[in-house]
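Chemist: Spelled out, the chains give:
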Amino acid sequence: MKPTDPSITWLEEKPLGLAERLYLPLFVQGLATTARHLVSPKVTVSFPEERPTVGNPLIYRGVHRLNRDDEGRVKCVACFLCATACPAHCIDIVATESPWPDREKYPEAFQIDELRCIFCGMCEEACPVDAIELTSLLDLTGKSREEMIFDKEKLLSVYDMTKDSEPMKSASLGGTL
Amino acid sequence: MSDWLPSPTTIAALAKIGLLIGGLMTAAAYLVLVERWMAAWVQDRKGPNRVGIPLTKIRLFGLGQPLADGLKIILKEDFTPKHVDKVLYAAAPLVLLAASLAIFAAIPFGSVLPPLGIAGLPDPVPFLVAPALDVGVLWVFALSSIAVYGVLLGGWASNNKYGFLGGLRSSAQLVAYEIPLGLGLLGVVLAAGSLKLDAIINAQAETGIWYAFAQPLGFIVFLVAAFAEAARLPFDLPEAEQELVGGYHTEYSGIKLLLFLVSEFLHMVTAAFLIVIMFLGGWHLWGVTGSGQEVTWLGAFLRFAVLSAKILGVILFFMLVRWSWPRFRFDQLMNLAWKVMLPLGLANLVTVATVEEFRPQLVEALGAGAAGWVALLIPWGVFFAGWIAAGLLTPSGTDNTPIRTHGPLDVEHELVEV
Numbered sequence: 001m002k003p004t005d006p007s008i009t010w011l012e013e014k015p016l017g018l019a020e021r022l023y024l025p026l027f028v029q030g031l032a033t034t035a036r037h038l039v040s041p042k043v044t045v046s047f048p049e050e051r052p053t054v055g056n057p058l059i060y061r062g063v064h065r066l067n068r069d070d071e072g073r074v075k076c077v078a079c080f081l082c083a084t085a086c087p088a089h090c091i092d093i094v095a096t097e098s099p100w101p102d103r104e105k106y107p108e109a110f111q112i113d114e115l116r117c118i119f120c121g122m123c124e125e126a127c128p129v130d131a132i133e134l135t136s137l138l139d140l141t142g143k144s145r146e147e148m149i150f151d152k153e154k155l156l157s158v159y160d161m162t163k164d165s166e167p168m169k170s171a172s173l174g175g176t177l
Numbered sequence: 178m179s180d181w182l183p184s185p186t187t188i189a190a191l192a193k194i195g196l197l198i199g200g201l202m203t204a205a206a207y208l209v210l211v212e213r214w215m216a217a218w219v220q221d222r223k224g225p226n227r228v229g230i231p232l233t234k235i236r237l238f239g240l241g242q243p244l245a246d247g248l249k250i251i252l253k254e255d256f257t258p259k260h261v262d263k264v265l266y267a268a269a270p271l272v273l274l275a276a277s278l279a280i281f282a283a284i285p286f287g288s289v290l291p292p293l294g295i296a297g298l299p300d301p302v303p304f305l306v307a308p309a310l311d312v313g314v315l316w317v318f319a320l321s322s323i324a325v326y327g328v329l330l331g332g333w334a335s336n337n338k339y340g341f342l343g344g345l346r347s348s349a350q351l352v353a354y355e356i357p358l359g360l361g362l363l364g365v366v367l368a369a370g371s372l373k374l375d376a377i378i379n380a381q382a383e384t385g386i387w388y389a390f391a392q393p394l395g396f397i398v399f400l401v402a403a404f405a406e407a408a409r410l411p412f413d414l415p416e417a418e419q420e421l422v423g424g425y426h427t428e429y430s431g432i433k434l435l436l437f438l439v440s441e442f443l444h445m446v447t448a449a450f451l452i453v454i455m456f457l458g459g460w461h462l463w464g465v466t467g468s469g470q471e472v473t474w475l476g477a478f479l480r481f482a483v484l485s486a487k488i489l490g491v492i493l494f495f496m497l498v499r500w501s502w503p504r505f506r507f508d509q510l511m512n513l514a515w516k517v518m519l520p521l522g523l524a525n526l527v528t529v530a531t532v533e534e535f536r537p538q539l540v541e542a543l544g545a546g547a548a549g550w551v552a553l554l555i556p557w558g559v560f561f562a563g564w565i566a567a568g569l570l571t572p573s574g575t576d577n578t579p580i581r582t583h584g585p586l587d588v589e590h591e592l593v594e595v
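Protein sequences appear in the order of chains Z and U.
Heads up, the first sequence is in our numbering, so the first residue is 1 and it goes up one at a time.
Heads up, the second sequence is in our numbering, so the first residue is 178 and it goes up one at a time.
For reference, chain U alone in the conformation it holds in the complex (with noise of 0.2 Å):
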């Protein structure tokens, strides 16, 4: 082979990338047509159903609507108010987008392709961008806290209160959520021995057993969290309309807010492919999938099946949880994410590393089976305790009681005293 033309491996990294970026788009822009019919529907109405092919009368059931939408806020005037910092405010969506996109890298959406020996891949090629990173929670984790900054700078550049609070408020509830979220994700690399995502999804795949039947308190944790970074409702505090006008990104319009908008779907998207992955088992399915490296292409499909629509399941329940929950006060959000959670969290991992360190003495003491089944019983055991101790100890409980010593009139009558 000439030395101009890229190996087989990076073609196969660049059809990955725009296969993933693709399809990353084109799923955002439907999932915010599936949001509306779901908010349509839990609310009895009809949803979005008219827009169908473009210039003819056919309707598909509303399918042409993520193109309207698109093309409706892409005309849209890109206008960039006087008082904000023109850098920042042009680099904020950028920032963010990017950050959400990379996260992908990491991120196995599928098993593993049968070789392709004709286009001179002679290893299983995985679904997955960068393969050999063996880094590849922390590479998550460490781009969704630059997803942050984004925020972050968005409020701050708009130079806008609303724009600022909603800013701040973001740093503070994704600092604050990703300790527990955190702490769930590291019981599950304790388990599995490994911060590469695919061999989490191995792990979980030989002993079919997920890792939210082994560690549900982990799991709940990891899913309040996940939630809350996501900044999606009951957490939408970033942005809640009703007190901010929209949060962080007040000031934008157009294309910008498009790319706001976007990576927050992502965002969901992200969090929808982290909860599958690490705690449902990723494309593991009893009997249907297999477990091992090998596959035949019916096998790869139906793994690419089972992994997306389990992604779709999770992504379904975000968006009915939307319209189940109203909105937590922010000392409320505060209180669940540090007094609720994070001790909730603390307690998940030292089981996770207890019965990690003792199950070879329990494999010898009871054999492998009862082990197992102690295995498991052990962190249900401390879900149930700290899932009674969390609601008995509620610290979270506000005093809204009225003042009744005082008046209003009192007050006034004190001051005028004074």
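Just chain Z, same shape as in the assembly (with noise of 0.2 Å):
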């Protein structure tokens, strides 16, 4: 685009004024919103002392969960969705018949290696039947690398552990499903 082009609107700087020339009016404002906000309240959350309030737990992406049905199975049926879906190919499932006349297949295995999880929420958005969800547990720690790959029991167990707090997400709350 050229510098004439008539869809483009210049804008004229404007011309300082007498206070902006004497300097020191806006230096003593520069001041005051620094003075002002040495005594603000502070925003820091000292953190291990401290818990970060998560505004929405619906539309935050923290650990996963697998999610029970009402007779507190796995809801999973081994679609392998949420593995195609994945871009950091951290979930591994293997499927095996299901034991269940409602359902073809459930996972004998399922597998998520947090560590190459990039909490993207795209295995949430592909389930078809809400069984995977991302929770809002945020400290997401352990001691060696295996111990990050978090398999169907430990996955379930983070549903157990959050169901009362965080009711599974669907569109009716709000949620991204």
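Misleading hints may appear alongside valid ones.
Unchecked claim - In silico BS3-like cross-links for lysine-lysine, where the CA-CA straight-line distance does not exceed 27 Å:
hint, chain 1, residue 1, chain 2, residue 2
1, U, K253, U, K263
2, U, K249, Z, K143
3, U, K263, Z, K42
Unchecked claim - Rough simulated footprint, nothing fancy, chain U against chain Z, three-plus residues with beta-carbon under 8 Å:
hint, stretch
4, 13-27
5, 43-52
If you are wondering where the hints come from, they were derived from the structure by calculation, not from laboratory data.
Note that the structure is predicted; figures quoted are calculated from it, not measured.
Here a beta-carbon is modelled for each residue, glycine too, at the ideal position from N, C-alpha and C.
Relying on the hints, combine the two individually framed chains into one complex.
Modeler: Okay, here's the thing in structure tokens:
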């Protein structure tokens, strides 16, 4: 685009006023702003002692969980949609024939490598049965790489741990699904 | 007394040197913590508040942080790159630190102690390492100029573009601002009639009029120049991180970097000392400290406390300004030095010289009281006149409007045609 193009609106820089040219008034203004912030309340969260508040757990993307249905069975139907959607290839599912009549397959093993995961939430969006969800747990630590690979039991236990504080996400609750 | 024992004066001087260096180093370490706190608070953070007594869980508001900082940087690898000039590279931080510490030989850090007859000191003991030095101000200025060598050597010996540019910028800036600094100082020296810093304080204490009130223009010029000399924001171009990676100390690490950083802090402390001593009355405070040379122990302590409080106040101001103002551009920096501060400093010098020259005639014509007021009002008139003139005639404005007749494509076109 040329500078002479009529679609460009050129804005003139405002000439400096007297206060700006005298410099000191603006200086005092700046100092007043800094001094106000010097004494204003601080936003720091002292982490281990103090927990940060998660604004809306429904849209927060923390540690994964595998949901259970009403009978306490894993909801997952081993369709591999999450593993396919995962950009980090951190989900590993071994499917086998389901012992229950209401579905064909269920996951014999379900592993998520939390160290590879980038917490993008695509697995959650891909899941057709709302089985995999991201919770608002935000401090994920472990002492070894092996410990950070979460298997089915671990993921189900995350569900047991968080089901009371965080109901399953659905559109009616303002969630992403 | 036997010959091999040093004289009490020597012992007193050594004690003062020890106290001063120890105090300064500790103060510098804790001022780093204060600076980090100020930075955090201004940005609505809490700042370092965890390090307390080592090996315990006692936190003490983070007062152990300087120790942790120091240990960390000392234990870091002291890496010397292959492409540097080894001798100068090692010498630069030492030159800088030695110069910034030696400055304090001529700077009083209190008033006087009462005579210690028992210890063989019949005269009042001044809070000054070199009390007999008649050229105190010159000593301070000579050594602060030598500090430029450290910066320049560091930048040059690093054999690195960023270091080199930082060193060059630094030397240009420091040379430019020595002049307004000197002009601000000359006014004070003229009025006090002495080059000794303690005599300058005494002159202010006797009249009760600090030179900041008697020479407002000189005070402003000196203050701005002191900020630039200490390379503090908004004049920290020698080490503008965004442009120069760190400036003259880009290639330094470990304890050599620590020496550079400590020296920089000492520059700020020196600047605060000079501002307080020359313009804010030193240890003098109306109705608290008195003004004579005869002091009690309590008086001596009060004067020391007042001086320290004032210096801490000025340093806090330095730190607050750091977060209030964006950095100047280099041409603006130079414009400010040569086109604004230099004329204002000259105007201040002429005013002070005129007032001091005609003071006896004024006193004769108007009486002492009225003459004092006139001698105070004239500098203030010059101050406002100079301020408004500098504002209205601002030569530091720069035309930032884009050139509309040429676009990038046009230029390319012309090049092809040629």
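Chemist: Taking the hints in turn, state whether each one holds.
Modeler: Outcome of the hint check:
1. U:K253 x U:K263: holds, 19 Å
2. U:K249 x Z:K143: holds, 26 Å
3. U:K263 x Z:K42: violated, 47 Å
4. 13-27: holds (count 8)
5. 43-52: The restraint on the stretch 43-52 of chain Z holds, since 3 of its residues have a Cβ under 8 Å from chain U and three suffice.
In summary, the one numbered hint that this structure violates is 3.
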